[in-house]
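> Sequence:
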Amino acid sequence: MNHNNNTIRQTKWDAKRVRDKHRQEERISNLWRHSLHVLFVITKNHKITKRQSTFYQIPWMFTMTGLILVMLLIKS
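Residue numbers for the sequence shown follow the working numbering, so the first one is 344 and each next one is one higher.
Hints listed in this document are in silico derivations from the structure and should not be mistaken for laboratory results.
Don't take every hint at face value.
Said to hold, decoys possible - Derived pair list, reagent style DSSO-like, types lysine-lysine, alpha-carbon separation capped at 30 Å:
| # | residue 1 | residue 2 |
| --- | --- | --- |
| 1 | Lys359 | Lys418 |
| 2 | Lys418 | Lys364 |
| 3 | Lys418 | Lys355 |
Please work from the sequences and hints to get the whole structure.
Written out as structure tokens, the structure is:
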């Protein structure tokens, strides 16, 4: 009987671990979607002159690189 209880407990624990993993993956994909959406909206709404464009591109490069690194760290 004791062995059976342990098996049930282990099964519940495994199910919880799988649920938590799915939640984490969902959070990551939502974060990706949100960050890409924000980037799209900002670039769409701001008309930038040629002289300003390089000044504005550099911070975005760092921001996107940082986001990608964070995503890779979370995923591993």
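> For every hint, state whether the structure bears it out.
Checked hints:
Simply put, lysine 359 and lysine 418 have alpha-carbon atoms about 19 Å apart, close enough for the 30 Å limit, and the pair holds. For the suggested pair lysine 418 and lysine 364, the alpha carbons sit about 10 Å apart, so the restraint of at most 30 Å is met. With a CA separation close to 24 Å, the supplied pair lysine 418 and lysine 355 stays within the 30 Å bound.
Checked against the numbered hints given earlier, the structure satisfies every one of them.
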